[in-house]
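Read top to bottom, the protein sequences are chains S and X. Quick note: the first sequence uses our numbering, first residue 19, plus one each step. Quick note: the second sequence uses our numbering, first residue 19, plus one each step.
Hints are all accurate, no fakes.
Okay, the calculated beta carbon distance ranges per label pair:
no.: 1; chain 1: S; residue 1: MET19; chain 2: X; residue 2: LYS46; range: 52 to 62 Å
no.: 2; chain 1: S; residue 1: ASP230; chain 2: X; residue 2: TYR383; range: 45 to 55 Å
no.: 3; chain 1: X; residue 1: GLU366; chain 2: S; residue 2: SER23; range: 47 to 57 Å
no.: 4; chain 1: X; residue 1: GLU366; chain 2: S; residue 2: PHE121; range: 37 to 47 Å
no.: 5; chain 1: S; residue 1: GLY45; chain 2: X; residue 2: TYR383; range: 33 to 43 Å
no.: 6; chain 1: X; residue 1: SER44; chain 2: S; residue 2: GLU366; range: 26 to 36 Å
Here chain S is said to cover these stretches of chain X; the calculated rule only asks that three of the stretch's residues, wherever they fall, bring their Cβ under 8 Å from a Cβ of chain S:
no.: 7; region: 55–68
no.: 8; region: 134–148
no.: 9; region: 335–344
Don't read these hints as lab results, they were simulated from the structure. For every residue, glycine included, the Cβ atom is placed at its ideal position computed from N, Cα and C.
Protein chains: 2
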Amino acid sequence: MQKISGGVIAPKGFRAIGVAGGIKISGKKDISLIISDGPCVAAGVFTENIFKAAPVIVSMEILKRNPTGIRGIIANSGNANCLTGEKGIEDAKKMAKIVEEYFGFEENTILVASTGIIGKPLPMEIIEYGIRKACEKIKQESSSTFSAEAIMTTDTKIKETAIQHISGLESFRIGAIGKGSGMINPSMATMLCFVTTDVKITQELLQKALKDAVEETFNKISVDGDMSTNDTVFILSSRKAEFSITKKDEKYELFYNYLKEVLNTIAMMIVEDGEGVTKVAKISVINANKKSIAEKISRRVGNSLLIKTMLFGENPNWGRILAAIGSAGENIKPEKLIVKVNDKTIFEKNTYIGYPNNDILKNKYINITIDLGTGKEEFTLYTTDLSYEYVKINAEYT
Amino acid sequence: MQKISGGVIAPKGFRAIGVAGGIKISGKKDISLIISDGPCVAAGVFTENIFKAAPVIVSMEILKRNPTGIRGIIANSGNANCLTGEKGIEDAKKMAKIVEEYFGFEENTILVASTGIIGKPLPMEIIEYGIRKACEKIKQESSSTFSAEAIMTTDTKIKETAIQHISGLESFRIGAIGKGSGMINPSMATMLCFVTTDVKITQELLQKALKDAVEETFNKISVDGDMSTNDTVFILSSRKAEFSITKKDEKYELFYNYLKEVLNTIAMMIVEDGEGVTKVAKISVINANKKSIAEKISRRVGNSLLIKTMLFGENPNWGRILAAIGSAGENIKPEKLIVKVNDKTIFEKNTYIGYPNNDILKNKYINITIDLGTGKEEFTLYTTDLSYEYVKINAEYT
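So here's chain S without its partners, still in its complex pose (with noise of 0.2 Å):
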């Protein structure tokens, strides 16, 4: 495996941009578009949240239609287009539709993608100007970073990644770009991820290892608990490389797991920019009797308020952790649990011990290890502190 640059432009096959349309009155980048030389394989995760915003609604249909004939991906930040109703649905087909007729594409081939505030309808003419602007642009320049750089809102920093393996001729990438601070947790934690590849792969096969790897990733961090209307994970396959995979072979398990690390990547930027973070913790409860108890466990403990502010003070009141894994009820036994925090026990045989040197918590990493010694299922939790700036930023967003 090996790290390259390029992002969604690393595989073979894409271009991208960014530009700012000017929904954001800061004069930021807004628009972000990819495009591929050719007809994509494509695959879709998109939020569980019954409220789905127009363009995951529209997208959805899309990808239903012609999930092998996909041309590229339109997205802008500044505005979610979430609960717009018909007018909302209208204005995101013809996001796709403007891209397609610049191109001289068929419908059905772009898919659409929104970010930002919730319940405002998108201002079209704004939109228009900044997609055409985006078409005119991607002919002569092509910046994974620029389209980056485009989907932000709340987000501090750019997330882009990109791979390859070569063995031989055999050789694949795979690259994606991100965004996501706040509105992070349940059911796949992004906003929004675009991950492009070259890899020959059936449609099927694409959207199952897409599904797995956003299990394995976006679906373990947590910055607030709350469940975004815009969550999407798209995957555009030029299938122009080499490698080819047709069946659920050792070919298959080595681009799930270069999958698995493009998206883990982008993940644990996300958790790193989390909205005012100061702190991340790795909450990885182990040897449980049930992976959904493992989990409902390291969800109560990275949620909870009374420890992400006890991260964000640097203040050892570890007792709260316990009172946490507690509040689960009937699966913990005291007498088997075990918890550690960076490798120290803070508890152990029914008794608290305590941190023996509570400068741990100045540290940025905190790793806390909750052992039920129950069973054999575990889940790993990535999560943040809760800070002013969180507060700040939340309160303020419009």
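Based on these hints, arrange chain X on the given structure of chain S.
Same frame as chain S, now just chain X:
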């Protein structure tokens, strides 16, 4: 129903006091004592957290052994005596024993409660001194307010109330003190509440009334979604009033409603005094097909950080309410859903309307009504905003 003064000493047969024993470095009151003239019928409801604090374990045992012979309650703030192992149990027993010996009561007649930081042993020398001081003091002076003051931690306001029922000779009184402002959530939403009454009632009916009333009051408030290790509600009846309850008749119903009123008063005081609270929101989910769904949605909305920060910021991102409702999944039918904020409809007929005049968020009290339109069940949650002050209090609490 008539509000009266006196708190826990309003009912016949009780004395109360609070003193500064020296646990709190600030020199504030930290030892609270309630004593009855004779044996009381008593009942209790406790946290469901697996990690129950030592005084919870000890008091559950005392109540089991001697439910009709309780003589009082000894409580301290500044230290929760939780996660303190065998030593913690001994210390809690000792707290009761000091009072029992001082007054010449039998064993298992004094209930114990503690609140404060988790994971540190009680400073028993200081506590012994404080308890003896309280025992001395209560002989000369009786004050529910001092008693309430002595169980405060991050509370900023004293919480006490009392009411009486009068109809001819059949009068009775109920009084209460309470504390709580953080770790307020799922199963019983207060840290401590001590209730006294002089009603003539059997232990079985008293226990039932308390359990049901807690369900309808303390279990419907939430500040931060965290569950305490020390939650305790005690009720002591001196049985000195004429009003006598022997079965689940109209008189029981009358008493039950009065008890609910008392607990509700304390519960609302706790919400309003929630850590860093600037707003109080009432979230009513109505017309659900199951009560559990109504509760799930109200808790999802009430504990959403995005909604809490929106309330604090007075920032009209009403769409966040829909996003939180939508995250509760398949039980929501958008075409049947009606969402109102202070009686103005913000969502109806699958259409987001928003609030006509966003000044509403300047109010301290916000009513959110979520009509699912799928049945007859309902649940109401009282919750708060999330402010800089909440973060500060919990980041710095040691």
